[in-house]
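Go by the hints and put chains B, C and D onto chain A.
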Amino acid sequence: MPDYPIYRDPPEQCRTPDAEERSLWGRTLERIADHCRARSLFVLHYCTGCGAIELPPSMTSRFDLERVGMQPMVTPRQADLLLITGYLSVKTLKRVILTYEQMQGPKYVMGFGSCTINGGMYWNSYATVKRLDQYLPVDMYIAGCMPRPEAIQQAFLQLMEKIDSGRAQNWKEYYRRYDHYLGEQQALFGEQFHTPTDVIGEARHYSLFGPETLGEHTAKLAKYDLYHPGQGAVDALEVKR
Amino acid sequence: MNAFDLLLYLALATLLPSLLAPKGRSGGMLTTLAYLLQVWLLFSLLPSVSQGGSVAACLEFAAFGHTIGWQLNGFGWFFALITAVSALIASAYATGGWERQCDHASRLHSLMALNVLAMYLLLGAADLISLFIGWELVSWAGFLLMAAPGGQSVQAALRYLIYALAGALALLTAIVLIEQSSGTIQLDALRGALASLPDGLSWVVLALVFVGFGVKLAMPPFHLWQAPAYGYADGPAAAFLGAISSRMGLFGLCLVLVQMVGLERLVGLALPFSFFDAQSLLAWAAAITLIVPTYIALTQNDARLLLAWHGIGQGGFMLLGLMLGNDLGTAGGLLHVLNHASYQAPLFLAVTAVVYRTGTADLDRLGGLIARMPWAYVTLLLGIIGLAGLPPMNGFVSKWLIYKGLLDAQMPLLFVAAVIGTLGTILSVYKLIHNIFLGQLRAEHREVTDAPWGMTGPMLLIAGFAFISGMLPGLGLYLVEPAAAALGLPMPSFDLSAIHAPNGALDMLVVVSALIGAIGFGALLFLNAGRSYRTQPLDNYAGGHFLTAQTRYQYSHHFYAGLLRVIGPWMRPWLVALEQGSGHFLDLASAASRGLYYHNGLRFLVFGTVVGLLWLLIVV
Amino acid sequence: MSIALQLLLMPLAAFLVGLAMVLMMRKVRASVERRIGPPWYQPLFDIYKLFAKDTQISHGVMHDVAIMMVLGGIICVVLFLPVPGMSGLSAKGDLITLLYLMMVPSLGMALGVGQTANPNGSIGIARALTAMAGYEIPFFICVAGAALHYGTTDLNQILTIQQHGGHLEHWGIVQMPLLAVAALFAVHAMLGKEPFEIYVAPAEIATGPMVEMSGKYLGTLFVMQCFQLFTVSVLYTTLFLGGGFSWFTLLLKAFAVVFISVLVTNVYPRYRTDDVLRWQWKWPTGIALLGLGMVMLQIGR
Amino acid sequence: MSKSLPTPLEGVFRRVPGVRWRQQAERHLRVELSEAENLPALLALLKGEAGYRHLSAISCVDWPDADEFELVYHLDSYTTQVLISAHIRLPAAPGRYVSVSGLYRPAGFFERDIHEMFGVQFEGALDLRPFILTEWGGPPPMRKSFDTEGYVRDHYQWVDYGPEWLAELEKRGGGIVE
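Residue numbers (numbering that gives the first Met the number 0), protein chains in the order written: chain A, 0 to 240; chain B, 0 to 619; chain C, 0 to 300; chain D, 0 to 177.
Hint data in this document are derived by calculation from the structure and do not stem from the laboratory. The beta carbon of each residue, even a glycine, is placed where N, CA and C say it ideally should be. The reader is advised that the hints may include incorrect statements.
Taking beta-carbon pairs under 10 Å as the criterion, some of the chain B residues facing chain C (in silico) [what the hints assert, rightly or not]:
1) Pro197
2) Gly199
3) Val203
4) Ala370
5) Trp374
6) Leu405
7) Val415
8) Lys430
9) Leu508
10) Gln553
11) Phe558
12) Tyr559
13) Arg564
Only chain A is shown next, with the shape it has when bound in the complex:
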């Protein structure tokens, strides 16, 4: 058996359904919401790698993703779907993490090509990240270096089907296992790495706490005493390399 871990699909943990899910009214509302979320995906217009060139053809007249309700949006606040189109240099990953944390609510990440799975063609480069799902919860990968618009379209349809059936809850993992993700990020960027977004505050606010939300890595954030919502800028936020 090789010493590095073999990728297995995560076991379908039976999550404890919270109160409103059981009530009929809550279930129908969530069902309608999932239906609408599937049919109106806002894609973030942020091209991180070489696959970005495949997106314009999939949006314009030949493949026309607006038929399924997808629109390119400019800022992470308005977007639901983050496309990692190819290899991620360490520098870009830092901005991708900030962008991901600025996205809201049910958000989905889709990795293009093998570079996001195990480094792909740049497997031996010192500057690129090898496994994207160490740093962000990824919903779907598309094989192909780089996948053509037909493959992208088929992937989007699969993602929509996954959202429609309510199985696309992977974004909550970022809150439930934030300590693990933060640990990986600090291993890469240094112990003082943190983003202006208050992920722990949001987890507490939306009751998305998991066993691994707080841990030894998040303890390092405490000394920054960052987050006073509505209090104004805090000068302890200086990011040291």
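Same frame as chain A, now just chains B, C and D:
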């Protein structure tokens, strides 16, 4: 010993407390109480001045065969009431905590009391001489109040004094001409007396009166002094001056134009071979007063100057309303005097509260104060909605009246000029509130808190009145009625909450309650659509950049870059150059004439005899 | 119909018609780009998804209050706009009140965007107000001309004057052709359509005012777009196209107005801010002044 | 030595000691300097007399066995229109050299890049802060002594994609997934 005498003596008495007890707040407290008493006295005068009645004071003396006395009619009463209320709010604000940061607070109280006394004397004038006495006292007291803080405000006040002296001379010649032509100087006797003057003489009188009173109302070309003079005065003094002081010019102008000359005569007084008559000329002067200062205000970087420039602009609105002559225009013009006072005062007080806490009024060094000074934000918000004339506030009612009046008087181009002025106001007020309260909070303002309650209370009170009188315009119109009756101008039919006109009525109670109801419904929709998480201002989209407290992530300097690229070249300060030019010319002329008699007695003798001979020739 | 029922039905009708107009806009844009375009339910699904977002970011109390002000303002404006069968509160507030009420939601949005403390938003609002200064002048000239021509500013009276006798020649556009054309340019800019759409410039200032709006905040701005399309087009129809005898004719005219501006928008790039001003103050203002002159001659001033 | 030099270059090469040049291509001259110190003088003369105002790049070559760095300055002139690449050798140990950003301002960026990638220290350089590898804590990566694969093996985790359907396919010896 009627109520008007009591009012005058009380106004004299309010000088004393701050003179006798300079230290501590007792002087200020007593002055505020005195103003409260004055307001109560004025309200007790209401029944006797409505329907054109007037109250004569026993202060009277005879000189050169004319009796000079004082009596308060409805028109004077209306302005006196606004003066008293503005002084009350300003002095309450000054004693509420502002005096801790100001060494000359007691001097401010006494100067303000002096101003109020001078204004009563002007507003209560029964004849032209007492009018002139009151006018001079107002100018002199205004100069003292503006020069109180010292430094650059003394320069601005001196500049005002020069304009005021020029205005006073023009006014004096006008009074002499009126007295010669009509034989009497009693205002009641002069009612409509100037209508029968020959064209040439009436044009001269109009021009002199326009210069005399226009200086105080800061009509262009005399508008250069007012912004620095009012802007750099002390906070409460600026609020008082901005609210009412320049409306004394409007009082005088209307007294002569509407009461003595009469609007029909103005329409009849046509300029040869041009379709301009006196009324449309004055209306266009008001329209220019409305537009030019508003767009100058747009470019200001100091909050107080921006507000002072707006004070000039709104003066144009009032005159425009009064020049129309139809019922809606009159009500709009006079109501705008009250409305403007009710939102200009809180605006100046809110900006003073910001200066009190942060030490600066420079729009480029402020930002994000809403998180720290919410009550100052609420006051400024109500004030700018009033200044811009948007529905929930009273500013909208008077602007609506003036717009309807313009449309009924079939003057569409003036309507468009008024709209251009309003658009300029909307743009510059958003710049004001955005640069001070919105955007990123600066690191040095993180511990700033709201002004003490003694200051926030009065400004919220008057801003609240502005909102209430917006919801119920009848309140303002009941006060305006005696003034219109005294001037002999028609009033539209109105009740507590609505103004009725055959071709388009306005019921503010319905409009405001519909707005508040809809906002309530919107809140209902908004609040149960999922919970939102309050985050700190640095958690912001910056194109992937990590924001830190050191990055200056705020757009406030050169706020309307696109607009200024178009209108920038139109606003080169050529008038300021003209003013400085005339100043230099006067210096040269005085130096040259001094050369005549200085150091040289003989040349002076020759000069003296020549002038004497010339005089003899003319007189004989 | 009782006033309470009208107060409920008018916003609902406005919202549905607005949704249809947004759908028409996106379909026309798709067909201009030779695409199929979104399904019929797309605008509604977008808005429902935004309102059903699980997490949303607010930047302060004023950010929330401003969005409520926007929702309330747009609903309140619709109550004063007479539509066939429902005159709502239009007897209580006339044309000038309606135009000023239309500024309340944009002021609310401006304050909310200011609170989000993002320079992109502030630049967007500065540009939006500059564009407003651009198109409001010709629009108010047309409003002044129309008010003088009809002799009233009460919208119901304007409708009855134009629908008098049921035939065409009393319509505003027939009596005042120049004013109608100038007003059309101003309406095109008021809808924030392409040549004059300088405040939601995605390429330059990251969608301007909407940069920090997530979830229900963005949903509210989508709803505001629907209401604004409805209000502006029905107001233009009321002033110049004789309003609607029935709902069908009203919608026909309103869709025609929006259709013209949508066709123009899809083939034009975006002007610079000062070019928008120069253009608006030159052509529509000139035409409007000419039209105003004709109206003044007509009423024999 | 093939064709004769254009006249301005003739004068320059004569006056700078230890200059050996070779015609690399039709319009390309390769110039080698024995002592590294007179490179700034050469550049100044070329710029002054022969119109070499354009420094298109500075590249660095790592000779691990000779334990030396070789700096190559690529210059071009719009008047003489002959590309010159000036080569100098530096001992790798101190890895220090003088900056030419005074003569050519773009050299500031080239030197900053070489400093980051090879660790060569340029005195008087405009700015030597990290330029591209802002998140990098390791040694200068372009040196041949740097083991890329070893660095990747320690700092990054692999993943080998092995779902069940692929395992069965391998058992069947390949084929197409139904």
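Quick one: which hint numbers does this structure break? Sort them smallest to largest. Checked against the structure, the hints that fail are numbers 1, 2, 3, 5, while the rest are satisfied.
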